[in-house]
Amino acid sequence: MLVDKVQEVFNEPGCATNLGKSEKERKKGCTKALKPGAAAGGCAFDGAKIALQPIADAAHLVHGPIACEGNSWDNRGSKSSHSQLYRTGFTTDLSELDVIHGAEKKLFKAIKEIVLKYDPPAVFVYQTCVPALIGDDVEAVCKFAADKLGKPIIPVNAPGFVGSKNLGNKLAGETLLDHVIGTREPEVTTPYDINIIGEYNLAGEFWLVKPLLDKMGVRILSMISGDGKYNEVATAHRAKVNMLVCSQALINIARKMEERYGIPYFEGSFYGVSDMSDTLRNIANLLVERGAPTDLITRTEAIIREEEARAWRRLAPYKERLAGKRVLLFTGGVKSWSMVSALEGAGLEIIGTSVKKSTKEDKERIKKMKGEEFHMWEELKPSDIARMLRDSEADIMLSGGRSQFIALKAKVPWLDVNQERHVGFAGYDGIVALVEEIDKTLGNPIWRQVRSAAPWE
Amino acid sequence: MLVDKVQEVFNEPGCATNLGKSEKERKKGCTKALKPGAAAGGCAFDGAKIALQPIADAAHLVHGPIACEGNSWDNRGSKSSHSQLYRTGFTTDLSELDVIHGAEKKLFKAIKEIVLKYDPPAVFVYQTCVPALIGDDVEAVCKFAADKLGKPIIPVNAPGFVGSKNLGNKLAGETLLDHVIGTREPEVTTPYDINIIGEYNLAGEFWLVKPLLDKMGVRILSMISGDGKYNEVATAHRAKVNMLVCSQALINIARKMEERYGIPYFEGSFYGVSDMSDTLRNIANLLVERGAPTDLITRTEAIIREEEARAWRRLAPYKERLAGKRVLLFTGGVKSWSMVSALEGAGLEIIGTSVKKSTKEDKERIKKMKGEEFHMWEELKPSDIARMLRDSEADIMLSGGRSQFIALKAKVPWLDVNQERHVGFAGYDGIVALVEEIDKTLGNPIWRQVRSAAPWE
Amino acid sequence: MFKAHQSNKAATINPLKMSQPLGGALALLGIDNCLPCFHGSQGCTAFGLVLMVRHFREAIPLQTTAMDQVQTILGGYDNLEAAVLTMYERNKPEVIGVCTTGLTETKGEDMRGALATFRKRHPEVSDNCHLVFVNTPDFTGGLEDGFANTVTAIIDGMVTPSEMTVSNRVNVLAGSHLTPGDVEEIRDLIEGFGLTAVILPDLSTSLGGRQPDDFKATTLGGVTAKEIQGMGASVLTLALGEHMRKPAEALERKTGVPFLLFDRLVGLEAADRFIKALADVSGQPVPARVRRQREHLVDGMLDGHFYFSRKRVAVALEPDLLAAYCGFLQDMGCEVTAAVAPTQSPALEKIKAWSLLVGDHEDFETLSHGSDLVISNSHARQSVDRLGTPLVRAGFPTFDRLGAGHRVVVGYRGTRDLLFELGNIFLANDHEHASHDWKHDPKMEDHHGGPHAAA
Amino acid sequence: MFKAHQSNKAATINPLKMSQPLGGALALLGIDNCLPCFHGSQGCTAFGLVLMVRHFREAIPLQTTAMDQVQTILGGYDNLEAAVLTMYERNKPEVIGVCTTGLTETKGEDMRGALATFRKRHPEVSDNCHLVFVNTPDFTGGLEDGFANTVTAIIDGMVTPSEMTVSNRVNVLAGSHLTPGDVEEIRDLIEGFGLTAVILPDLSTSLGGRQPDDFKATTLGGVTAKEIQGMGASVLTLALGEHMRKPAEALERKTGVPFLLFDRLVGLEAADRFIKALADVSGQPVPARVRRQREHLVDGMLDGHFYFSRKRVAVALEPDLLAAYCGFLQDMGCEVTAAVAPTQSPALEKIKAWSLLVGDHEDFETLSHGSDLVISNSHARQSVDRLGTPLVRAGFPTFDRLGAGHRVVVGYRGTRDLLFELGNIFLANDHEHASHDWKHDPKMEDHHGGPHAAA
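If you read the protein sequences in the order shown, they are chains A, B, C and D.
Position 60, counted from 1, in the first sequence is what UniProt numbering calls 60; the numbers after and before it change by one each time, with no gaps.
Position 280, counted from 1, in the second sequence is what UniProt numbering calls 280; the numbers after and before it change by one each time, with no gaps.
Position 355, counted from 1, in the third sequence is what UniProt numbering calls 355; the numbers after and before it change by one each time, with no gaps.
Position 79, counted from 1, in the fourth sequence is what UniProt numbering calls 79; the numbers after and before it change by one each time, with no gaps.
Don't take each hint at face value.
Claimed, not checked - Straight-line alpha carbon distances no greater than 20 Å define the calculated PhoX-like cross-link-like pairs of lysine-lysine that follow: (1) B:Lys-381 x D:Lys-92; (2) A:Lys-325 x A:Lys-143; (3) A:Lys-319 x A:Lys-368; (4) A:Lys-381 x C:Lys-92; (5) A:Lys-381 x C:Lys-216.
Claimed, not checked - Chain C residues, not near chain B, derived (Cβ > 10 Å throughout): (6) Arg-90; (7) Asn-91; (8) Leu-268.
Keep in mind that the hints were calculated from the coordinates and are not lab data.
It should be emphasised that the depicted structure is a prediction, and the values quoted were computed from it without experimental measurement.
Just so it is clear, CB atoms sit at the ideal spot from N, CA and C, and this is done for glycine as well.
Let the sequences and hints guide you as you build the complete structure.
Given below as structure tokens:
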């Protein structure tokens, strides 16, 4: 059954990468074969949890030995404006005895304890490698528990060894499609209802965008999943429009919701002035297409005019100082192009971007923006980056926390653009914040000091 | 003029020490001649400021070079429940030019700045040695400023070199008598109005007593001076009864108020169960004598019964552990006996008490309590204390912060009973707190550790 | 054997425990030019890696055998072999250490057999690179156990008996409760007696913040393979932490070097024992600066004890670090309200606390109510937010503060700094009562002279 | 000469300045078996004594000539003589230091003349005890000046020119901005190069927390009179702090020993200069542990700089300490919003700040609005309560925390610890935005890209 689900995900027609593949290639699946001793990256369980855990009022229970939750909980920057339950780490912490005798009973007991203590609207139960190996039937236990406890108890069947983080994201999407979306009706609906899919509200950055939607009069029916509420996700099928933020991660949700419920979707970005404006425009246009009054468009354009003017005015002082500064972008997915456009708007020069986790469509976009000559690295090894930085090919690297020390040890400025950062970069305010962060880091006087050799050398 | 005032203070008939002296001795004054190179203790300015600064809503301006205020501000634990202005340090910070040319104008300017910025109900202006030497007429400046600014500006003429801290206390009392008390009328008076004189509310400990007075129905017309308000002190002459807390420091206020306004006073202590009860009783009896309804006495006795029972119950667990523990009391004044009685109530043994700053009456009290054999040290040198402690004659020393290191360096427990402590010892709750502090310190396991020599010795 | 009471819930909530292989990796990171690897899914490595990067703020070399579902069912040797070959070819480390995970242990992985097979098939690798294979299943023990098992495996696999003795050399088995900063301080103390120390593992020279000239995919700094091999020539082994007892015994068995075990180095008397041992083994007088440090600590205890007496402190840490903190708090007159460990250990037997428990952060939060201070890893930030209690971050992981690796609490100086740190928190919170604190409140009775005060 | 802008108020409000004699006493407290004394009213001594006891948490020997009104008018020599005789008879110190006060200076006190007279009248004392008489009027300068003047007077009065040179010995003139802990760290660094140091004054051995066997009314520990006398035999003087320039010049004049001045020892490049000088004078390589400390500091700067960039910090301290902190903050990319000193000094010239002022805590409070952090002595607690800004306590007096004397900010290690301390405050306050922070707020414009950010 898990095998079928994995194959289904591999066939995902909404996935640009898949569309570029032959039938045979597609069968092999998205995940590249990993090279033992030279691999990096998260597993499918990691991916599933990243996608679902931001649903903040649900309990997220990891069925596995301590490594899966004990080594990983409390490590991401998704923020919630309501319940903080998602920050609580739940696990069955399997012991040797559990491994020998099976842990289905323990799992049920754990679910029950959680429901009694915390009374969440739902419990997501994550399968992991060890119980999958010993044959614990998580789906059956969840069904039993749901019946007994009268709550949605949702199995997330994405044990680490089935594949990559990316696959896990998609399996999480399937979980929502199969078990959550469409299971409740909203109390009211409006012509302005949208879902935001694939936005995780890192550093609370969606709160830089939401006031603009409020001003437009757009209502967010559900967030999937940053700052999300379980019962709102359950009503997502009644939205008029879906916005998909990260192009690859949860594409299956958007596409299947279109298929099942006829909800159109578009892919958008909150990063950079013009992309942000395009996103607001798209929301307004699609809502109007689906029957919202047309003055929404006028209102939206007015907001865009005002916000853009304000943003450019605020960016102006930085532009001069940052002109010609060279950025190495080492991230993936939508950020590989959305950040490019955002940064170039502020006068920075992008020397290249990694596209390891980017889709074919992402890459096309970059080509359209930057031309064929532009560096797009499929595989950029740490040692290569280190060399580039030591050779002063870039003034600053933008990446995630794990790769920061490649830059810092080379004494090159670095900025976190991934999940551990504490500054929001979304929306018009966010791009100003991003540019300010870059300016602050580039302007810091430590660089000259740390680059000088000890005076006795 | 200052000379007259000093002499007047020396003649104070309310002062038990003076009463024990011959006419000739009295002329010489209270202050013992200091031995250069072997003296310790504060000056008259210090004493005046200690007594007046707890009037919390007034500004306290020190006219002198930086040493007088710069080295000493923000160093006492009097607490205020209202204005915190008394914690602000004001000084004219005299420069060499001021010393050469005189600083009366600067003083006036300083007063004016303070009045404009902080609008206090009054400014106390403290004369110090240097401007006294150069002939700055602080009294004239204050009078001029009071006229110009329409506020009480009160000269406190107690420069350091006229004598000891104790003399300074009394000069502060004279200042209040001459310039403050009787200058305003209270809005209402009641038969239950009292003043508390000589309580500085260290560590906020008077707030352990006040709820009991509230319960009795006693109104505090003015606090002189802990947690005091200037305008209340100005109405103090309308109280029915004065309670004098520290027997020596502000005796002149109590006596002269009796003389001038016919207000009877008694000396009382808030330390220890029975002394606390006596104090409440005295207040009630004197108020009834002055016309308050007699049920005040019944009410008071009920409170005493309840509070004493509660206190003894709470002290019981400590009594057993502390039985026979020997205390060296190195303090002065009223604490030399009030602490004895408080501590013996909790089962501790007092091996002796210093009486350097105690009055004759204080000493009589001790004799009555403890007999002639009891150690009363007039002059206890640090080296003597150190010897006693090293010879294990005491299990703990109670004193002020300055002498703490005599005990600590001898590896003997010590407890602060003076102005820098952070725990209130007044009232029924306070005695429990005191005993708990002693128990905590004696029971701390560090003593064995710090007394062991290094293993290589 | 002593067993602490164990929380009996089916759901572990806010885990305190981390996995064995993580401890194994930590031990391997203290060896120079080494590449640690987890034998499991790539996710096992990714989680461990991120956690260590966040704590140490350093690049962490850690590889994976990248097991997938099919390979797991078929058996993991092929991936293990492939991984070791790749790591060797790409990075030419001197030491490769492989720790199993839950995934590979579920099927059962004979690491001894695997090592023998690999040696036979790839002498070109095993002749040029030390291989350490360790069983560290996720589903038994925790970080401290994985660390201890790996140190034992390193000793078993690398140390050789020695004919000769170097008279001024000592071995140090530095447990996982010691930060790089602690290890630095310990070496400093040892060298003050004219001794040299072989420290296994030596995190101070690998994870203290090296500035490499070039990018390196293996560890940079740490004890060298050659030094480890020569540990048999030392005159004495100083085993630091109860969990270093087994490795110390293994080392003694193999080389005859006797050991002294120091369950903690925090606290006056604990530091005294250590310094005394150094004086004894070296025959040297205690250096003047160490004597001064002792005086300063005594002075700090005298000055600071006021603020510690009967303060209520809740501590949740790995066992040996837990024992060290609880012991010090006890030395200073605190009441340890709750001592919570993630796993069982003989170290727990010495702890005196109102509640001693093997449990998780949820248990800890419940037991911490009413405490004046909480000491635990960064995960406790969630509970102290709810409790309103100050948190001192200690142990692993500390990911939301700078300098976790440089925290020093050992020796006289480390103890004194810890004393001031905790004392100042107590002092700051004791300070400045306001009038509303003093309302006549019958509940005060519980505060002063309550059952615990009288206990 | 450079003059910083000076507050022009008649009323000094919440003084930052302390008096010259206090600085004088501080310098004398770093000499072994010494008894300092104030020539003034007993109150002058009592205030100074209490302040130092509260800061150092140590018994402080400090006497008084106990001047009263009549004696002051008649002239103070008699009391001065009586005080010195009494101190000598009772306590047999090796050094007696007398500082004048405002009281005795108002009449004018010829301390040179008094010393000559005393020597003539009491050779039985002056032959057996070094006497240092210094003019330190309360109404000019402040603590730092009193300290510098007294160190100069000690040099003038006690040091003798030397015929021979001790090749591995250096002098250190340790300014009042250095804590006992700083001095300890500095000696440690110097000794690491095989040098010995004569440190004047040496607070590290007198005020670090000695545990005497018996009660002593004089200082216990510190540089000895004999060591001071022999300073002429050193090869170099390291003058630490701008205010040690004059004493260093006096020493050079008297003995020919050249000096190097280090305006600060906080910060990477500042520490580099110092270590380079030690390497040069000793001819020794930089010890491995110091090299590691440098790497660790560089690492700390890389890890920590994120939290420092453009943070707004307000600092009020004595001039040399102010310059050290402001310099370090600047090194790390902070904006110094306000730098306030109690007195003028050439050290102020190097400070870059939005506002640089000679003023008091009231001025400082006004200038600190909107800062992310305040660094000052304990008196600033009142203003930060009103401002709601975190306070790092530094300098003198720090009376409401333990360990003021053990704070170390010099050298690579001290700088790194300071970096972590400040960085963690910034980090803790940056952390965890909540939804209400992100309201669409036009005022944000002032925050991001405001005039200062663009400056």
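Taking the hints in turn, this is what the structure says about them:
1. For the given pair, Lys-381 of chain B sits about 17 Å from Lys-92 of chain D by alpha-carbon distance, which is consistent with the 20 Å threshold.
2. As the CA atoms of Lys-325 of chain A and Lys-143 of chain A are separated by approximately 56 Å, the hinted pair breaks the 20 Å bound.
3. Between Lys-319 of chain A and Lys-368 of chain A, the direct Cα distance comes to roughly 24 Å. Violation of the 20 Å bound is thereby established for this hinted pair.
4. Between the alpha carbons of Lys-381 of chain A and Lys-92 of chain C the distance comes to roughly 17 Å, so the proposed pair stays at or under 20 Å and holds.
5. Annotation: proposed proximity of Lys-381 of chain A to Lys-216 of chain C holds, straight-line Cα distance about 12 Å (limit 20 Å).
6. Separation of Arg-90 of chain C from chain B is adequate, the least Cβ-Cβ distance of about 52 Å exceeding the 10 Å criterion.
7. Listed as a non-interface residue, Asn-91 of chain C keeps its Cβ farther than 10 Å from every Cβ of chain B; the least gap is roughly 47 Å.
8. For Leu-268 of chain C, the non-interface assignment is contradicted: its Cβ lies about 5 Å from the closest Cβ of chain B, within the 10 Å cut-off.
In terms of the numbered hints stated before, the structure departs from hints 2, 3, 8, listed from lowest to highest.
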